[in-house]
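Quick note, the sequences are listed as chains A and B, same order. According to numbering that gives the first Met the number 0, the stretch in the first sequence is residues 0 to 102, in order. According to numbering that gives the first Met the number 0, the stretch in the second sequence is residues 0 to 494, in order.
Hints should not be assumed to be uniformly reliable.
[What the hints assert, rightly or not] One side of the interface only, derived from the structure: several residues of chain B facing chain A at Cβ under 10 Å: (1) Gly-100; (2) Ser-103; (3) Ser-240; (4) His-306; (5) Ile-316; (6) Ser-323; (7) Asp-330; (8) Val-332; (9) Lys-333; (10) Lys-360; (11) Thr-367; (12) Ser-371; (13) Tyr-379; (14) Gly-439; (15) Ala-463.
[As the list claims (entries may be wrong)] Here are the simulated EDC-like pairs of lysine to aspartate or glutamate, each with C-alpha atoms no more than 16 Å apart in a straight line: (16) B/Lys-333 with A/Glu-73; (17) B/Lys-390 with B/Glu-268; (18) A/Lys-23 with B/Glu-358; (19) B/Lys-333 with B/Asp-99; (20) B/Lys-333 with A/Asp-84; (21) B/Lys-333 with A/Glu-88; (22) B/Lys-384 with A/Asp-44; (23) A/Lys-23 with A/Asp-6; (24) B/Lys-384 with A/Glu-42; (25) B/Lys-384 with A/Asp-41.
In short, the hints are calculated from the structure, not lab data. In this text the structure is predicted, and so the values were computed from the model without any measurement. Where a beta carbon is used, it is the ideal one built from N, C-alpha and C, also for glycine.
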Amino acid sequence: MRLTIADVEHVAALARLGLDETEKERLRDELSSILGHIAALDELDTAAIPPTAQVVALTNVLRADEVRASLPREALLANAPRSADGFFEVHAVLGGPDETGTG
Amino acid sequence: MAVGNGAVDLSAAEARRLLDAGELSAVELTEAHLARIEAIDGDLHAYLHVMAEVARRQALAADARIAAGHAAPMTGIPVALKDVLCTTDAPTTAASRILDGYRSPYDATVVARLRDQGAVFLGKANTDEFAMGSSTENSAFGVSRNPWDRDRVPGGSSGGPAAAVAAGTATIGLGSDTGGSIRQPAGFCGVVGLKPTYGRVSRFGLLAFASSLDQIGPFTRSVEDAAIALGAIAGHDRYDSTSAAIPVPDYRAAMTRDLRGTRIGVAEEYGIGGMEGMEPGVQLAIEAAVRRLAELGAEIVPVSLPHTRYALPTYYITAPAEASANLARYDGVKYGLAVEAPTLLETYERTRGQGFGAEVKRRIMLGTYALSSGYYDAYYVKAQKVRTLIKRDFDDAFARVDAIVAPTSPTTAFRIGARTDDPYQMYLSDVFTIPANMAGIPGIALPCGFADGLPVSLQILGRAFDEATVLRVADAYERSEPWAGMRPPLGREVG
Chain A
0 MRLTIADVEH
10 VAALARLGLD
20 ETEKERLRDE
30 LSSILGHIAA
40 LDELDTAAIP
50 PTAQVVALTN
60 VLRADEVRAS
70 LPREALLANA
80 PRSADGFFEV
90 HAVLGGPDET
100 GTG
Chain B
0 MAVGNGAVDL
10 SAAEARRLLD
20 AGELSAVELT
30 EAHLARIEAI
40 DGDLHAYLHV
50 MAEVARRQAL
60 AADARIAAGH
70 AAPMTGIPVA
80 LKDVLCTTDA
90 PTTAASRILD
100 GYRSPYDATV
110 VARLRDQGAV
120 FLGKANTDEF
130 AMGSSTENSA
140 FGVSRNPWDR
150 DRVPGGSSGG
160 PAAAVAAGTA
170 TIGLGSDTGG
180 SIRQPAGFCG
190 VVGLKPTYGR
200 VSRFGLLAFA
210 SSLDQIGPFT
220 RSVEDAAIAL
230 GAIAGHDRYD
240 STSAAIPVPD
250 YRAAMTRDLR
260 GTRIGVAEEY
270 GIGGMEGMEP
280 GVQLAIEAAV
290 RRLAELGAEI
300 VPVSLPHTRY
310 ALPTYYITAP
320 AEASANLARY
330 DGVKYGLAVE
340 APTLLETYER
350 TRGQGFGAEV
360 KRRIMLGTYA
370 LSSGYYDAYY
380 VKAQKVRTLI
390 KRDFDDAFAR
400 VDAIVAPTSP
410 TTAFRIGART
420 DDPYQMYLSD
430 VFTIPANMAG
440 IPGIALPCGF
450 ADGLPVSLQI
460 LGRAFDEATV
470 LRVADAYERS
480 EPWAGMRPPL
490 GREVG
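Bound-form chain A, shown alone:
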């Protein structure tokens, strides 16, 4: 699998990851190489094999629906780069300087 710069830019956009031109070129080469190793999986016929997403023998772990104390709001906002009136503050995603800014 040989990736192109356009492939790298598409995936970077999905991942919300800013990359400079040098990084794009390096990732194109490195990811292509890693995907080449991963192609070894194609040797295996897995048509009849069920997927394993997790290995614990648990399903639908439930708990009682009861009110419990949560961490104080100030403690959670203390690490926020910007906050206002008890909320995380972000740039407007609608009607801002660039309305396409939500991606």
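Got chain A; can you put chain B on it based on the hints?
Leaving out everything else, chain B in the frame of chain A:
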């Protein structure tokens, strides 16, 4: 002090006995470690943040608790915490610029449990950024050195706690293991490293890398200490729904020193008999360890794990896919680095572009690609199906044997910089450790000799939730050999 400078070389079990007998105080033990950190950690760089004041306070409290006759197994024992474990009284950075200075509002469950037992926290230890790597060379804050040879890596990602336990700057370390990140550095540094069964230890407060693979476990100087530390951190936690509600046995009591009747599997695929990239010195030491286990009364049984060679490519789909989702939370809004831009989207991109290092970006990209439209079935689902085959290999083998032995890594510690140019070469360092994460089973790494002056490590794998057998086999082996008493030269040179 009663035991002199040897305090930093004590096992936790030995320290416990001296502390409870009043022959050593927790303050003395803590000060001995802080002094040694001061003396050698500038060069070793096992720690990102030393918690000297916290440790001194905890040591005083531990001495009071011991005097009152209420000591728990970890009371007064000095611990290094990998810096992916959340702590309220020290920064938690994952060795990443994106979390530089982050202060968690809560403790990880394992941290809370050690705190409740009265352990002493010496500091937050180095790791590859977000636990992604095999050498600590991906730490944004600098590489750690191997105490046996300062020009070599300590392994990774949990290289910091491994190096600290080896160098005498912590009695016990806590790390995390997603594809070998406890066992491989334990092996490179010549200490014991235990990855428990997935679900044995709560992951609450562990900065998530790959949520179906991550597991927390200890670094120690003896197998007995691994049993003590596991007992302190294991068990169900209401805050981690994947933690198992299975009782925690008395792991020390399970170490009967008797291997008679124990069936130990040797997998032909694990390189005993030759594997590309396996160093001869490693192979010789592993073969000698297998012979020793037979002499101790174990029955050695050949087993086959035919899908072993597919574990690495499977891992490099599964782990990056999960990581790409987990690391989406670092967006410059809730915590950590924020690189402001005119729009929210650009703020995300600039923050993440500047905040993450090269390996983290590589894995986010690989994982996002594997999950993206058009490639999801070919990569992500394919890897999940192969994961089933890898797990079945172990199910079949464990129907016939009680434990499986293997090398921990195909090589001893490599030189700093030797593998940084080729990501896949770096990944190959985990070829023997990754299968256990894919299957969710426990594994321990322990010293089994030396090759050219560097530690070689034996890995023992067991059935899910059967850490007791893994520890029993490891303990019996350890007691039959001199390796556990060997200490690296760093900081012990004459003059």
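Unsatisfied constraints (hint numbers, rising): When the structure is compared with the hints, none of them turns out to be violated.
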